[in-house]
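Can you build the whole structure from these sequences, using the hints too?
First to last, the sequence lines map onto chains Z and S. Following this note's numbering from start to finish, the first sequence increments by one per residue and tops out at 109. Following this note's numbering from start to finish, the second sequence increments by one per residue and tops out at 115.
Keep in mind that a hint or two might mislead.
[To be verified] Far from chain S, by Cβ distances over 12 Å, these chain Z residues were calculated:
#: 1; residue: I17
#: 2; residue: Q37
#: 3; residue: T44
#: 4; residue: F63
#: 5; residue: E77
#: 6; residue: D82
[Said to hold, decoys possible] Listed below are the simulated DSS-like cross-link pairs for lysine-lysine, each with C-alpha atoms no more than 30 Å apart in a straight line:
#: 7; chain 1: S; residue 1: K36; chain 2: S; residue 2: K18
#: 8; chain 1: Z; residue 1: K68; chain 2: S; residue 2: K18
#: 9; chain 1: S; residue 1: K19; chain 2: Z; residue 2: K96
#: 10; chain 1: S; residue 1: K40; chain 2: Z; residue 2: K76
#: 11; chain 1: S; residue 1: K36; chain 2: S; residue 2: K22
#: 12; chain 1: Z; residue 1: K57; chain 2: S; residue 2: K40
#: 13; chain 1: S; residue 1: K19; chain 2: Z; residue 2: K68
#: 14; chain 1: S; residue 1: K40; chain 2: Z; residue 2: K96
#: 15; chain 1: Z; residue 1: K81; chain 2: S; residue 2: K40
#: 16; chain 1: S; residue 1: K41; chain 2: S; residue 2: K22
[What the hints assert, rightly or not] Label-pair restraints from in silico Cβ distances:
#: 17; chain 1: S; residue 1: R63; chain 2: Z; residue 2: T11; range: 38 to 48 Å
#: 18; chain 1: S; residue 1: F51; chain 2: Z; residue 2: S27; range: 44 to 54 Å
#: 19; chain 1: S; residue 1: R9; chain 2: Z; residue 2: V50; range: 27 to 37 Å
#: 20; chain 1: Z; residue 1: T11; chain 2: S; residue 2: G28; range: 33 to 43 Å
#: 21; chain 1: S; residue 1: S38; chain 2: Z; residue 2: S65; range: 26 to 36 Å
#: 22; chain 1: Z; residue 1: L51; chain 2: S; residue 2: G98; range: 41 to 51 Å
#: 23; chain 1: S; residue 1: N58; chain 2: Z; residue 2: K57; range: 24 to 34 Å
#: 24; chain 1: Z; residue 1: K57; chain 2: S; residue 2: H26; range: 21 to 31 Å
#: 25; chain 1: S; residue 1: S65; chain 2: Z; residue 2: F29; range: 25 to 35 Å
#: 26; chain 1: S; residue 1: P83; chain 2: Z; residue 2: R108; range: 31 to 41 Å
These are computed hints drawn from the structure, not numbers from a lab. No experiment lies behind these values; they were computed from the predicted model shown. In this text, a Cβ means the ideal position worked out from N, Cα and C, and glycines have one as well.
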Amino acid sequence: GQNIDQPTEMTATEGAIVQINCTYQTSGFNGLFWYQQHAGEAPTFLSYNVLDGLEEKGRFSSFLSRSKGYSYLLLKELQMKDSASYLCAVRDRDYKLSFGAGTTVTVRA
Amino acid sequence: ETGVTQTPRHLVMGMTNKKSLKCEQHLGHNAMYWYKQSAKKPLELMFVYNFKEQTENNSVPSRFSPECPNSSHLFLHLHTLQPEDSALYLCASSQDSGRPSYEQYFGPGTRLTVT
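Below, the structure written as structure tokens:
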């Protein structure tokens with residue numbers, strides 16, 4: 001089976017930076033996704049990485065190292081509305097998407 | 001309506017009941033998915049349909065029965081469920097399940113409670 005690990009919870013202060021790490025062991029690799037899920041709502045797409053390096057989208061950036069089976073999501077200039085669960089998901093050689101359990105980020109004033 | 005919609009949003013059913021969950025996508029996508037989300041656990045893929053054909057059944061018990069009459073609609077028929085089946089059931093769609101870069105768009109989910 002696939003193995004995707006990410007921390008369960010993180011807490012940070014408004015305006016700060018938080019880095020959510022994700023490590024994975026999958027049967028082949030066809031891309032890594034990050035999703036945001038607010039409590040009681042649908043997950044929404046944040047980023048996609050398939051090549052090594054950093055992808056930047058406004059306050060959010062995502063990094064991938066395929067050789068290390070590692071990614072991180074960087075949230076800058078944290079806002080209260082960023083309090084949510086962040087899901088790491090990896091697509092394997094058969095294009096099947098497997099999710100981590102999610103990291104709950106709490107932003108405090 | 002835009003995006004992916006699911007009905008009902010909440011459902012309470014007994015173990016002997018039969019009910020159905022409905023999902024509709026308004027994005028012109030060709031692939032649809034059912035996921036189960038339990039507290040503190042990863043999203044579990046249940047079924048995948050691509051161009052109305054089922055391409056994945058992730059060892060789901062037969063008390064869950066999917067139906068995909070066309071690319072825009074997906075149903076999950078439920079019968080004789082167990083209390084451990086209580087969870088959030090999420091529907092998603094994407095352009096094509098066979099293309100790696102296409103992200104999935106999720107519906108708001110149905111919160112199911114089996115009593």
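Results for each hint:
At roughly 25 Å from the closest C-beta of chain S, the C-beta of Z/I17 stays outside 12 Å, upholding its exclusion from the interface. Not every CB of chain S is more than 12 Å from the CB of Z/Q37 (nearest about 8 Å), against its label as outside the interface. Here Z/T44 does not stay apart from chain S, with its beta-carbon only about 7 Å from theirs, under the 12 Å limit. No Cβ of chain S comes within 12 Å of the Cβ of Z/F63; the nearest lies about 18 Å off, and the non-interface call holds.
Every C-beta of chain S lies more than 12 Å from that of Z/E77, the closest at about 24 Å, which supports listing it as non-interface. The Cβ of Z/D82 sits about 19 Å from the closest Cβ of chain S, beyond the 12 Å cut-off, so the non-interface label holds. Restraint check for S/K36 and S/K18: the C-alpha separation of about 18 Å stays at or below 30 Å, so the hint holds. For the proposed pair Z/K68 and S/K18, the alpha carbon gap of about 47 Å is over 30 Å, so the pair is violated.
Of the supplied pair hints, the one linking S/K19 and Z/K96 holds, its CA atoms being roughly 28 Å apart against a limit of 30 Å. Note on S/K40 and Z/K76: the hinted pairing holds, with a Cα-Cα distance of about 25 Å set against a maximum of 30 Å. Pair hint S/K36 plus S/K22 holds up; C-alpha atoms about 14 Å apart against a cutoff of 30 Å. The suggested pairing of Z/K57 with S/K40 holds, with an alpha-carbon distance near 28 Å, which does not exceed 30 Å.
With a CA separation close to 45 Å, the supplied pair S/K19 and Z/K68 exceeds the 30 Å bound. Distance restraint check for S/K40 and Z/K96: the Cα-Cα separation of roughly 21 Å lies within the 30 Å cut-off, and the hinted pair is therefore satisfied. With a C-alpha separation of about 21 Å, the suggested pairing of Z/K81 with S/K40 holds against the 30 Å cut-off. About 23 Å separates the Cα atoms of S/K41 and S/K22, which keeps this hinted pair within 30 Å; it holds.
Restraint check, S/R63 to Z/T11: a C-beta distance of roughly 40 Å satisfies the suggested window 38 to 48 Å. As the Cβ distance of S/F51 to Z/S27 is approximately 24 Å, the hint placing it in 44 to 54 Å is violated. S/R9 and Z/V50 have their C-beta atoms about 34 Å apart, which keeps the hinted 27 to 37 Å range intact. Between Z/T11 and S/G28 the CB atoms are about 40 Å apart, so this pair conforms to the stated range of 33 to 43 Å.
Take S/S38 and Z/S65: their Cβ atoms lie about 30 Å apart, and the range 26 to 36 Å holds. Checking the proposed 41 to 51 Å range against Z/L51 and S/G98 shows it is violated: the Cβ atoms sit about 20 Å from each other. For the pair S/N58 and Z/K57, the beta carbons lie near 31 Å from each other, so the given range of 24 to 34 Å is met. Separation of Z/K57 from S/H26 is about 25 Å and conforms to the stated range, judged on CB atoms against 21 to 31 Å.
For the pair S/S65 and Z/F29, the supplied restraint of 25 to 35 Å holds, since their beta-carbon distance comes to about 33 Å. As the Cβ distance of S/P83 to Z/R108 is approximately 36 Å, the hint placing it in 31 to 41 Å holds.
Of the numbered hints listed earlier, those contradicted by the structure are 2, 3, 8, 13, 18 and 22.
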